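Participant: Here the structure of chain A is known, so what remains is to put chain B in place on it, guided by the hints.
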Amino acid sequence: MILARVAGNIVATRKDPRLEGFKLLIVKPVTPEGNPESNYLIAVDSVGAGPNDLVLVVSGSSARMAEGCKDKPVDASIVGIVDLVHLEK
Amino acid sequence: MYLGRVMGSIVATVKDRNLHAQKLMIVQPLNPQLIPTGKQLICTDAVGVGAGEIIYYCRGKESSFPFLPAEVPTDTTIVGVVDEVRAEC
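Chains A and B, in that order, give the protein sequences. Be aware that the first sequence starts at 232, since it is given in our numbering, and climbs by one per residue. Be aware that the second sequence starts at 1144, since it is given in our numbering, and climbs by one per residue.
Among the hints, erroneous ones may be present.
[To be verified] Computed cross-link-like contacts, DSSO-like style, restricted to lysine-lysine with a CA-CA straight-line distance of at most 27 Å: (1) B:1166 to A:246; (2) A:320 to B:1204; (3) A:320 to A:254; (4) B:1166 to B:1204; (5) B:1204 to A:301; (6) A:301 to A:259; (7) B:1204 to A:254; (8) A:320 to A:301; (9) B:1182 to B:1166; (10) A:246 to A:301; (11) A:259 to A:303; (12) A:259 to B:1182; (13) B:1204 to B:1182; (14) B:1204 to A:303; (15) A:259 to B:1166; (16) A:246 to A:303; (17) A:254 to A:301; (18) A:320 to A:246; (19) B:1182 to A:320; (20) A:320 to B:1166; (21) B:1182 to A:246.
[Unchecked claim] Cβ pair distances, simulated, as ranges: (22) A:247 to B:1203: 20 to 28 Å; (23) B:1191 to A:273: 44 to 52 Å; (24) B:1177 to A:271: 37 to 45 Å; (25) B:1176 to A:248: 45 to 53 Å; (26) B:1144 to A:266: 25 to 33 Å; (27) A:282 to B:1164: 38 to 46 Å; (28) B:1177 to A:248: 43 to 51 Å; (29) A:259 to B:1211: 31 to 39 Å.
[As the list claims (entries may be wrong)] Which chain A residues stay away from chain B? Per the calculated CB distances, all over 10 Å, these: (30) 232; (31) 236; (32) 240; (33) 241; (34) 242; (35) 244; (36) 247; (37) 250; (38) 271; (39) 282; (40) 303.
Honestly, the hints are just simulated from the structure, not real lab data. Model, not experiment: these values are computed from the prediction. For every residue, glycine included, the Cβ atom is placed at its ideal position computed from N, Cα and C.
Only chain B is shown next, with the shape it has when bound in the complex:
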């Protein structure tokens, strides 16, 4: 899983049936020092986050598991809100 910051959201009316009612958030990946690293992504949201929050997200097919038994076609899902990061290196 990876750290990221929620930058905003997107709205899509026409979409896959299984994406219906899913929140789609724009996420900027961060390193443990909370410095932006890499390209921004669109993630589905399994926990209910808001803009500005530091979160962690998972990638790959496992991203659809929080929504089982629905088969949501997503490859990046926010699975937690970060309270604190203690990076020692």
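The following block holds chain A by itself, in its conformation from the complex:
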């Protein structure tokens, strides 16, 4: 899993019917220190994340194990909203 910050959302009217009703968010991966990385990805949201939230993103076939994503064409899911990052010195 990776840490990412919600950077926006996307709207798609024409899409795979199995994706209907899903919230799609643009997320930007960040390091545990909070520094943004250069790439973006689109993730399905199953926990109710909002703009600027620090979230946990699961990728690959495991993304389909998030709630409601079984057998859906999804490869990135938001599975948690992060409250605290604890880094040992």
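Facilitator: Coordinates of chain B only, in the frame set by chain A:
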């Protein structure tokens, strides 16, 4: 599977139902010489590790297998603590 060092942990209250009570650790991937390589990840923990320990983790859908029959949405899981590394090249 890959080598890594546990750097810390994260706390997330709002998360996928199947991630409930899972420990989420920050892991820095290492090469066999134990030099950090690549981006830090968030891993679920199947063995009970602490910060500073050298561990190995697996990636992909297999990461959820240690938690069966629960379907934990994770793509990286710590599956062992390393006692010793003997790298000959």
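Participant: Next step is simple, just say for each hint if it's right about the structure.
Facilitator: Checked hints:
1. Restraint check for residue 1166 (chain B) and residue 246 (chain A): the C-alpha separation of about 35 Å exceeds 27 Å, so the hint is violated.
2. Among the hinted pairs, residue 320 (chain A) with residue 1204 (chain B) is inconsistent with the structure: their alpha-carbon atoms are about 31 Å apart, more than 27 Å.
3. Note on residue 320 (chain A) and residue 254 (chain A): the hinted pairing is violated, with a Cα-Cα distance of about 37 Å set against a maximum of 27 Å.
4. For the given pair, residue 1166 (chain B) sits about 18 Å from residue 1204 (chain B) by alpha-carbon distance, which is consistent with the 27 Å threshold.
5. Our distance criterion of 27 Å between C-alpha atoms is met by residue 1204 (chain B) and residue 301 (chain A), whose separation comes to about 13 Å.
6. In summary, the hint linking residue 301 (chain A) to residue 259 (chain A) is supported, as the alpha carbons are separated by about 24 Å, within the 27 Å threshold.
7. With a CA separation close to 23 Å, the supplied pair residue 1204 (chain B) and residue 254 (chain A) stays within the 27 Å bound.
8. Proposed proximity of residue 320 (chain A) and residue 301 (chain A) is contradicted: the alpha carbons are some 39 Å apart, above 27 Å.
9. The hinted pair formed by residue 1182 (chain B) and residue 1166 (chain B) meets the criterion: a straight-line CA distance of about 20 Å does not exceed 27 Å.
10. For the proposed pair residue 246 (chain A) and residue 301 (chain A), the alpha carbon gap of about 17 Å is at most 27 Å, so the pair holds.
11. Our distance criterion of 27 Å between C-alpha atoms is met by residue 259 (chain A) and residue 303 (chain A), whose separation comes to about 22 Å.
12. Taken as a hint, the residue 259 (chain A) and residue 1182 (chain B) pair is honoured in the structure, with Cα atoms around 14 Å apart against an allowance of 27 Å.
13. Between residue 1204 (chain B) and residue 1182 (chain B), the direct Cα distance comes to roughly 20 Å. Compliance with the 27 Å bound is thereby established for this hinted pair.
14. Proximity of residue 1204 (chain B) to residue 303 (chain A) is assessed by CA-CA distance (about 15 Å); at most 27 Å being required, the pair is judged to hold.
15. Note on residue 259 (chain A) and residue 1166 (chain B): the hinted pairing holds, with a Cα-Cα distance of about 23 Å set against a maximum of 27 Å.
16. For a cut-off of 27 Å, the pair hint linking residue 246 (chain A) to residue 303 (chain A) stands: about 12 Å separates their Cα positions.
17. Using a Cα cut-off of 27 Å, the hinted pair residue 254 (chain A) and residue 301 (chain A) holds, with the two alpha carbons roughly 15 Å apart.
18. A C-alpha spacing of about 46 Å is found between residue 320 (chain A) and residue 246 (chain A), which places the hinted pair above 27 Å, so the restraint is violated.
19. A distance of roughly 18 Å separates the Cα atoms of residue 1182 (chain B) and residue 320 (chain A); the hinted pair therefore holds under the 27 Å criterion.
20. The suggested pairing of residue 320 (chain A) with residue 1166 (chain B) holds, with an alpha-carbon distance near 19 Å, which does not exceed 27 Å.
21. The hinted pair formed by residue 1182 (chain B) and residue 246 (chain A) fails the criterion: a straight-line CA distance of about 32 Å is larger than 27 Å.
22. Distance hint check: the CB atoms of residue 247 (chain A) and residue 1203 (chain B) are about 23 Å apart, consistent with the given range 20 to 28 Å.
23. Restraint check, residue 1191 (chain B) to residue 273 (chain A): a C-beta distance of roughly 35 Å breaks the suggested window 44 to 52 Å.
24. Under the hint 37 to 45 Å, the C-beta atoms of residue 1177 (chain B) and residue 271 (chain A), about 32 Å apart, miss the expected range.
25. In this structure, residue 1176 (chain B) and residue 248 (chain A) meet the distance hint of 45 to 53 Å, their C-beta atoms being roughly 50 Å apart.
26. Roughly 28 Å separates the CB atoms of residue 1144 (chain B) and residue 266 (chain A), a value that falls within the hinted 25 to 33 Å.
27. About 28 Å separates the C-beta atoms of residue 282 (chain A) and residue 1164 (chain B), a value inconsistent with the hinted range of 38 to 46 Å.
28. In this structure, residue 1177 (chain B) and residue 248 (chain A) meet the distance hint of 43 to 51 Å, their C-beta atoms being roughly 49 Å apart.
29. With their beta carbons about 33 Å apart, residue 259 (chain A) and residue 1211 (chain B) fall inside the hinted range of 31 to 39 Å.
30. A Cβ of chain B approaches the Cβ of residue 232 (chain A) within 10 Å, the least distance being about 4 Å, so the stated non-interface status is violated.
31. The claim that residue 236 (chain A) is not at the interface with chain B holds, since no C-beta of that chain comes within 10 Å of its own (minimum 14 Å).
32. For residue 240 (chain A), the non-interface assignment is confirmed: its Cβ lies about 18 Å from the closest Cβ of chain B, beyond the 10 Å cut-off.
33. The beta carbon of residue 241 (chain A) sits about 21 Å from the closest Cβ of chain B, which is more than 10 Å, so the claim that it is off the interface holds.
34. The claim that residue 242 (chain A) is not at the interface with chain B holds, since no C-beta of that chain comes within 10 Å of its own (minimum 24 Å).
35. Every CB of chain B lies more than 10 Å from the CB of residue 244 (chain A), the least distance being 27 Å, so the non-interface label holds.
36. Listed as outside the interface, residue 247 (chain A) is consistent with that label: its C-beta sits roughly 20 Å from the nearest C-beta of chain B, beyond the 10 Å cut-off.
37. Separation of residue 250 (chain A) from chain B is adequate, the least Cβ-Cβ distance of about 17 Å exceeding the 10 Å criterion.
38. Distance check for residue 271 (chain A) against chain B: the nearest CB is about 15 Å away, which clears 10 Å, and the non-interface claim stands.
39. Every Cβ of chain B is farther than 10 Å from the Cβ of residue 282 (chain A); the closest lies at roughly 15 Å, confirming the non-interface assignment.
40. The claim that residue 303 (chain A) lies off the interface holds: its Cβ sits roughly 13 Å from the closest Cβ of chain B, which is beyond the 10 Å cut-off.
Checked against the numbered hints listed earlier, the structure breaks hints 1, 2, 3, 8, 18, 21, 23, 24, 27, 30; every other hint is satisfied.
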